[in-house]
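Just need the whole structure built from these sequences, with the hints factored in.
Protein chains: 6
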Amino acid sequence: MFMHNKRLQYTVRVSEPNPKLATMMLEQFGGADGELAAAMRYFTQGLGEDDPGRKDMLMDIATEELSHLEVIGSIVAMLSKGVKAQLSEGQMEEAELCRQIGASSTSVKESILFGGGPALMDSGGVPWTAAYVDSRSEPTVDLRSNIAAEARAKIVYERLINITDDPGIKEALGFLMTREIAHQKSFEKALYAIEDNFPPGKLPGVERFASMYVNTSQGEGDMNGPWNTGELWDRVDDLTQVMPADGGDGIATVALDDADKAMATKLAARTMSNPSGDPLTGADLGAGPGAGRTTKGDKGGAPDIHSAPAMAEEAAPA
Amino acid sequence: MFMHNKRLQYTVRVSEPNPKLATMMLEQFGGADGELAAAMRYFTQGLGEDDPGRKDMLMDIATEELSHLEVIGSIVAMLSKGVKAQLSEGQMEEAELCRQIGASSTSVKESILFGGGPALMDSGGVPWTAAYVDSRSEPTVDLRSNIAAEARAKIVYERLINITDDPGIKEALGFLMTREIAHQKSFEKALYAIEDNFPPGKLPGVERFASMYVNTSQGEGDMNGPWNTGELWDRVDDLTQVMPADGGDGIATVALDDADKAMATKLAARTMSNPSGDPLTGADLGAGPGAGRTTKGDKGGAPDIHSAPAMAEEAAPA
Amino acid sequence: MFMHNKRLQYTVRVSEPNPKLATMMLEQFGGADGELAAAMRYFTQGLGEDDPGRKDMLMDIATEELSHLEVIGSIVAMLSKGVKAQLSEGQMEEAELCRQIGASSTSVKESILFGGGPALMDSGGVPWTAAYVDSRSEPTVDLRSNIAAEARAKIVYERLINITDDPGIKEALGFLMTREIAHQKSFEKALYAIEDNFPPGKLPGVERFASMYVNTSQGEGDMNGPWNTGELWDRVDDLTQVMPADGGDGIATVALDDADKAMATKLAARTMSNPSGDPLTGADLGAGPGAGRTTKGDKGGAPDIHSAPAMAEEAAPA
Amino acid sequence: MFMHNKRLQYTVRVSEPNPKLATMMLEQFGGADGELAAAMRYFTQGLGEDDPGRKDMLMDIATEELSHLEVIGSIVAMLSKGVKAQLSEGQMEEAELCRQIGASSTSVKESILFGGGPALMDSGGVPWTAAYVDSRSEPTVDLRSNIAAEARAKIVYERLINITDDPGIKEALGFLMTREIAHQKSFEKALYAIEDNFPPGKLPGVERFASMYVNTSQGEGDMNGPWNTGELWDRVDDLTQVMPADGGDGIATVALDDADKAMATKLAARTMSNPSGDPLTGADLGAGPGAGRTTKGDKGGAPDIHSAPAMAEEAAPA
Amino acid sequence: MFMHNKRLQYTVRVSEPNPKLATMMLEQFGGADGELAAAMRYFTQGLGEDDPGRKDMLMDIATEELSHLEVIGSIVAMLSKGVKAQLSEGQMEEAELCRQIGASSTSVKESILFGGGPALMDSGGVPWTAAYVDSRSEPTVDLRSNIAAEARAKIVYERLINITDDPGIKEALGFLMTREIAHQKSFEKALYAIEDNFPPGKLPGVERFASMYVNTSQGEGDMNGPWNTGELWDRVDDLTQVMPADGGDGIATVALDDADKAMATKLAARTMSNPSGDPLTGADLGAGPGAGRTTKGDKGGAPDIHSAPAMAEEAAPA
Amino acid sequence: MFMHNKRLQYTVRVSEPNPKLATMMLEQFGGADGELAAAMRYFTQGLGEDDPGRKDMLMDIATEELSHLEVIGSIVAMLSKGVKAQLSEGQMEEAELCRQIGASSTSVKESILFGGGPALMDSGGVPWTAAYVDSRSEPTVDLRSNIAAEARAKIVYERLINITDDPGIKEALGFLMTREIAHQKSFEKALYAIEDNFPPGKLPGVERFASMYVNTSQGEGDMNGPWNTGELWDRVDDLTQVMPADGGDGIATVALDDADKAMATKLAARTMSNPSGDPLTGADLGAGPGAGRTTKGDKGGAPDIHSAPAMAEEAAPA
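Protein chains in written order, with our numbering: chain A, 83 to 400; chain B, 83 to 400; chain C, 83 to 400; chain D, 83 to 400; chain E, 83 to 400; chain F, 83 to 400.
Take the hints with a grain of salt, since some may be wrong.
All copies of an identical chain are treated as equivalent in the list; a pair is satisfied when it fits inside any one copy or across any two copies.
To be verified - Okay, derived cross-link-like pairs now, BS3-like style, lysine-lysine, Cα gap no bigger than 25 Å in a straight line:
(1) 284 to 348
(2) 88 to 284
(3) 137 to 284
(4) 252 to 88
(5) 348 to 137
(6) 252 to 284
(7) 348 to 252
Rather than coming from a laboratory, the hints here were simulated on the basis of the structure.
Structure (structure tokens):
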């Protein structure tokens, strides 16, 4: 069961309202790596977890992330306070109000739709979705996802700090960013407290495919590194070796019964594409009067083409 | 630039059509941890990457994931082949066809909307969204996300293997699952080839908050572990110490100019909630004839309540 | 700041695992009217609220909804416990496991993707989205939205109770449903504690349009009721009176400057549709050999049409 | 069956094109509280409604909302007319055109993707989704949702009026806003024409939980009001009384059969987290050369930390 | 199986970084008509296609579209390169950095969340969704969808060319735009290589409804054209003829068994709306002290209405 | 302005309730090619269209599609009528009710959340989104999109007819399907009434790229057809010719100023990946006690691998 104390986990002191900065901060309120995503990630994992140590840790951190959601949301609320009152009481001149909230689409939506209250959308105006929560109910997987999520949240806070010059906001963001570092450390400890955690899950892989590195992107810029070279790796540079990687023909097949076969034949006959001939097409009809059919150059002899500055090939830079 | 060879990276041999199994396989075709998500994750990272070694690795693995998308999509196509032909040619008795595709909502959508062709949706019928791609343009972050993504993909393949008894599908899934293990190893090597990778990004944290563990979830079940106990951690059990964690009052404030202040006052007055009195409400009006107002028990004296088997409290199990 | 106690707000006693029932319960976990929607609705309102009484109430109820999210999520976790273990350890025969989780698409996704952990999606498998949260930062609006949201949540719990026969689940759902009634009552009181709350917001409407009822749907079934009849209403049955409702011509116009006018003329000329003539079309080309052009009946003389049992009009029921 | 007359329900006179203002207006075209949402809300309710009076009212208002969608869409089309022609005919200098449409992301999308035609997205560029439609097929619920929806639409129009200084647009918006007031009144009458409408639905609640108010958010700022105080309420300030609210232990349990129990045990053993010890982690490896392990301060002794102006704690405002 | 060569299909030469232009280009990277949509459309069709000619063509074009995705993504990456480095290394003054990325919401999201790496979202910041892919597994349908998709992609490139003045970008966009023209021609040829392709699919329509044109929108502006006039069409101007179009009563009915009938009667009784009387409503309660009930004018006599400049009707333009 | 008559455009006679069939029909109510998508596609085009003939046609067909939405929605309502009443009045035994609605996830959502009223979601339970509407404000593009959309809608109705054996539903679906054929014919006529409609839009392409066919997918199965062979085409089989297609180096470049260059260098140095060496990784740590590092075979010597029946390679079918 959750309880709430009216004091924030970190004091929020904002210098002055700024609706545009408010919408940038939304990234960590309702964005993909924001605090709701964090809270829900750990909370849903905690609910399904049976290991007592991990369950306790997940509920601890989930609860703290809710408190962080409150901190970042309070920053947004403070930054939006001026425009909220002006918009609500309608005393400011329309054009000025329009200019203030029109700094970005998100700011418009934040003001017109949400009235300046913190909304669970990201800095681009997209509503938060649980598609961001990638809990999978296997601790050797989820802890890796949590480590990555904390790393992502850390870097987003770092960027927000880099574009903010309000010292009170900078300080609060610094607190929140640091807590992500601390949480990442907890999840790292918890991952390695499971002694056999790689490969994740239970099934081992097929041995000869687990050390194969397929060099599918070739040309100037091909590089060696510990990720594809060394005793760990069987590197495949000749791609015909993996077309296919098994000993088969690389074709997809399914055994159909007679009824299905008959239907498939019928379908093939009905929709058969005639590879010979050169049918008249809708594009031929539409290529304009006198064109007859589209030709290689399309409209190519038409005088207006050569005067189209944007497209004439000779206008391109050498 | 991409090229394509018509042979698959792994031969696909499906024993018989099965539209319901097809839709389960969609999880790795158009699902959150599926092959399109993997390909797009590494491809977008590769496009933005300047480090030559990582760029090469990302394009290698992105390209291979596209080939995996082709393998899993071919499995779906083979499993759907019977119903596709029957649905298209309309020779099967309607009720039987309805029964075959009606095994799940996803199967209905796969058949009716997509006609049995592989669709980029997950096993629940939800279209693939780029919200699954969490590239952040910082290698110490992205490589951790990639490690986690490979771990997730691995476990989902493991589960699909666990529910499949078609040996050809099982074998192809085993190949795909193993490649995720190999990719995870590559990303691990690449992460640790960046010598100073923790904390991710450039800004260090605030020292005293980086080692603080806040025990926000308390009660029976509180546990110790390396994630919250030991020399690494300053553990906070008395939560009043972090209300707030700084030396402030835990309140959110913003400095408003006079115009904004005036508006805020006006807004407050207009929408003031009168805390005294007990206003008549819409619910009071709606509580039924003779009720006057809702009382503590709502409809409480009405005879039908006690006979409502579902809700009468005494009917609950002891 | 939030805190958590490991005991639930209501004890959850589930009789036996049931993955299909689990996914039905998801409606109130990650669905449109579920507990996350409720918690986030009140939490975001509370963050932006300045009236002390309403702010306190919103944080109280938001926090309780988080505890309800925990209760309903625990029900899902208990119902999924069997399949989670079987899927993870892979000891059950594949076909049997496939059958157990294959009862619905959502159940497949819950099992294969989420591994049996409670996921923030609805009973149809759609991820939760903040688009469900309709806070608008005006208390006379938001309180009405909250009243409606509680009413919706109440009826969804009622339906879940109607399809459940596990007494422990029924009892917990009864608790949750009743709390929605209580919350609705609180929001009703808070709405009417704002003495002048209708029309919501600040601007009055235009008098003569505020009492107009436009009878736009006519024919057999036209009815009178207090919503369109009586002294409150000026009812418009002759729709030409509101084409338009103002004294104008009912046309949309914009004043363009000369440059824009010139461009608009050019655009019109380029894309002009020739209303005379009867151009040959792509459909004409595609209507089959010998068809020349599509005629009124399309393919109408073709013998296969009359034998198509589904479509021949005479086959329709009398 | 629907019919259409080419005259609008309200004449639209726009002073001059303005693509940025156009995109603000989109909020009521393709936004959450916009006219499509309204039309579809009442239309879907009307289709499923059997009560003749309500069915008639719902179809009346749904049809009118479609006409409002036409009015607001016409405003958008007029405001976009200049940029549409310029973009289509490509006669304006590129940089100037880029500047005109680049006023907001939504304006870019409206121009580049939709070519200046009204698009069913909101002011933030998010496509309309039926997730906004909260019809639930229970009139005592749906009418409350409709009342709330009209209140929301009213306030959004009010805000658009507040930021518009084009008198023709202001007038048309005033008409649309007022009609929302009228519709709200109709829905109110229809709700209270159902004599027993609270609690909504059929099941009564559990008596003792229907009057309980749980004061979950405590601390300075705790308030009394008619929503939590008075004869209607049993207020719980000591939260241990509701941990849990029933007489149980507040624990979630499920009865597993032997097979499931065996599997659960196996799963627990495989993924057990070792709470003792202090494992070396990936973060330890990544904390940089010479670091050995992460320590409390992370990188704490590194000279560059103290020079990082953003984060050094002493740089925070007093 | 896919392979990759590190050279692009078209050389990308960008004159200077420009984050705002970068986000405009996203429309063809992660937008509805962008290259990922194209690639996935043809790829999913190719996987399910059995006709050898069409399958080959679809895989050819799908693969080329992936190369186009690489070209447009490289343009985005180049345009974002400056801000990416500044944001990552944090050396620029905060306000200046904030200004640079704050040109639009999408630019903020591209910078703060994605760090300047190309993201699969559109110019409005909305993540790519597979809902854009409209493959239906019937070639006479899919080829028409492909033709339309290429036409859409062509026009979006044309608009991007119109707003770009960087010659290197203009040239690359010209290449990409032209390839859409070429692809449209291929799909046209493939459609008409199926000799009988209209109506699409297998079932013919009902003859008398296939040539009916219903003039549902009437009034000034009613027009004739080959789409509704001529020997092909039976035009219906008197709409009562199609209410309904069959010989029935235009009513929806279902046969219910006795149990369902009984329940439906019970439901009707419980939720019956009383059409007589004029119930007191919540809006009446909320219309303010002294109002008693809402009257026609709502608040109409209140002095503050007349002073509300925005809404008083007399303030509207003549 | 829209008007409504209470009679449907086609009489709906449903034989008996069937919630599972109801949810299949949702595909054309709230699905991608359903009637709302059609209505909104033509309505938004009509609003922005200035050509009088096309504007009239678009509003005619948009309005008719709304009437079709009403017909298909009425079918859904009739099919859901039994379960709606049973669910609402709660008289059926719980398990039986659970079984009836549990036939698919969509049916569960349709019943539990929407109470049996027609909901704007598809047969897979996904809410309708305006992302389905691909109007682009250029008639030579939009008319092609409309042609394709009608073709898609036709085939989906055909499939629904194929799985339905209720004669009344089959007849109504036949009407709706046929109207899509008629609408396609209208849009074809309108497209070719624009005399010069190909390429769509205004800009011609670059001549030499408009006739190039790039054979990117090679291997057994390469085919010739009118789409890639003949006088229209310059076919490229040697892909090195288009790496790149221009005369450049196929590399993406941007000119950076000195400040940006300095930052880019700094970023590169900070995140440099060391290509030599073989760093110890997190996966090495996690590969289990005694493993030291992961080796080629991962866990390869562990006894449990060989006994894992699913994955041991020798267990794969020959």
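How the hints compare with the structure:
In this homomeric assembly, residue 284 and residue 348 come within 25 Å of each other (Cα to Cα) only across copies, at 11 Å, whereas the closest approach inside a single copy is 45 Å. Taking the shortest Cα distances, residue 88 and residue 284 never come within 25 Å of each other, neither inside one copy (45 Å) nor across copies (30 Å). Taking the closest pair of Cα atoms, residue 137 and residue 284 come within 25 Å of each other only inside a single copy of the chain (21 Å); across copies the shortest separation is 32 Å, beyond that limit. Taking the closest pair of Cα atoms, residue 252 and residue 88 come within 25 Å of each other only inside a single copy of the chain (22 Å); across copies the shortest separation is 34 Å, beyond that limit.
Taking identical chains as interchangeable, the C-alpha atoms of residue 348 and residue 137 lie at most 25 Å apart only when they sit on different chains, with a minimum of 18 Å there against 58 Å within one chain. Taking the shortest Cα distances, residue 252 and residue 284 sit within 25 Å of each other only across copies (16 Å), while inside one copy they are farther apart (44 Å). Proximity of residue 348 and residue 252 under a CA criterion of 25 Å is satisfied inter-copy only: 24 Å between copies versus 69 Å inside one chain copy.
In this structure, the one hint that does not hold is number 2.
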